[in-house]
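Line by line, the protein sequences are chains G and P.
This note's numbering applies: residue 6 is where the first sequence begins, and numbers increase by one.
This note's numbering applies: residue 6 is where the second sequence begins, and numbers increase by one.
In case anyone wonders, no lab produced these hints; they're calculated from the structure.
The structure displayed is predicted, hence computed values, not measured ones.
Keep in mind that a hint or two might mislead.
Any copy will do: because identical chains look the same in the list, a pair fits if it lies in one copy or spans two.
Unchecked claim - BS3-like mimics (lysine-lysine), calculated; alpha carbons at most 30 Å apart, straight line:
(1) LYS169 x LYS47
(2) LYS169 x LYS180
(3) LYS129 x LYS50
(4) LYS7 x LYS60
There are 2 protein chains.
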Amino acid sequence: MKREKAMVLFSGGVDSTTCLAMAIERFGKENVIPLSIHYGQKHEKELEAAKNILKHYEIDGMVMDLTPVFAESNCSLLQGSTEEIPESSYMEQLQESDGNPVSTYVPFRNGLFLSTASSIALSKECSYIYYGAHVDDAAGNAYPDCSETFFNAMKEAIYEGSGKAIKIEAPFIRKNKAEIVKEGLRLGVPYELTWSCYEGKEKPCGNCATCIDREKAFVENGMVDPSL
Amino acid sequence: MKREKAMVLFSGGVDSTTCLAMAIERFGKENVIPLSIHYGQKHEKELEAAKNILKHYEIDGMVMDLTPVFAESNCSLLQGSTEEIPESSYMEQLQESDGNPVSTYVPFRNGLFLSTASSIALSKECSYIYYGAHVDDAAGNAYPDCSETFFNAMKEAIYEGSGKAIKIEAPFIRKNKAEIVKEGLRLGVPYELTWSCYEGKEKPCGNCATCIDREKAFVENGMVDPSL
């Protein structure tokens, strides 16, 4: 019997690299296609990390450039934005945002990425798409396109709109980052190669929300972040 | 009170031009942003039609190029495909396809287009997106990304994933093409400027499924297609 294939939305960070390891474990690396996306992020450096991780696993990936879609957005995560990336945790930011998404929310990014992956997955005959959204990012509406409500609707839309050909797997939709790291450590994920920091400078800034989240996740697993 | 804004997925065909006219009637043309998309379609000519229609309405539109997303697809609608566009109606094609989408189904195209429109609509502060899917295209699973089931899930995904900022309007989701034309005639839609034919040659071929559908829709309204 022919084994099924999976596409993985793969940014080179902790969550999507753990997704990649899970997909490789389930389908075999010859049946996994990682998809990395340029979208004008300040931390394009994450895509260099992605390349190094693919070398580690000895697999090829695909790269897509969706930068023009966000040309009119002033989201602080994007190059050319007039906004600075906040130096505070998501919880602190949410207290200031009055229930609105945080300033690093890229407009409907995950919906666009999942749709793009679905179009390509159909062309490449993949049956599954892996997507690394997790509870910490969805909390308090920080990133509405990481929520379980969004995921359930998008999963249904993609299943129906693809002629029932594509299933979305979001293994961390009810897990926090510490639980993701726990799963990744079991799978031997090379976390020393991953990149998370939104600033995209030479070294992680340690002050942006994703640096704060990441450090905490490793501490909760009784270890120091191996990328530091 | 500030009037709300709407984005319209606008290809220059019968359905989306009627959507455009409805959005202009409801929001005023200064509050409507048409979005046209290159995706490698053989009938790129439709985007010339789109331009002429925008001139007619005296409004500006946006254009996005998503061709790279479909680079690996062999769908017959796309340039570079080894497949010919079938010269038969959708009903005839469905009898041959055994319940699978027709060969002109572009993989998850409408999901990708709606997601792209959502990202841009958020940047441009639009609250609505108009989408011209209708019953004839959804019938028998010809285009699964035109079905009401797909639409309801996608609408929910976009509403939730946008932080409840974007609503999708699909005014024809339960209407056929003849009913769309009826509504458009009331609104004075310049159908003589629209383009539907998949072949994209000098004149409509008259033999592809969309030519067949279109001609029938005008006949049912007691008139000859004004573009012929």
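Structure-based check of each hint:
1. LYS169 x LYS47: between (36 Å within a copy, 26 Å between copies)
2. LYS169 x LYS180: Close inside one copy (27 Å) and across copies (24 Å); limit 30 Å.
3. LYS129 x LYS50: Close inside one copy (27 Å) and across copies (28 Å); limit 30 Å.
4. LYS7 x LYS60: Within one copy only: 26 Å inside a chain, 53 Å across chains, cut-off 30 Å.
Against the hints set out earlier in the document, no violation occurs for any number.
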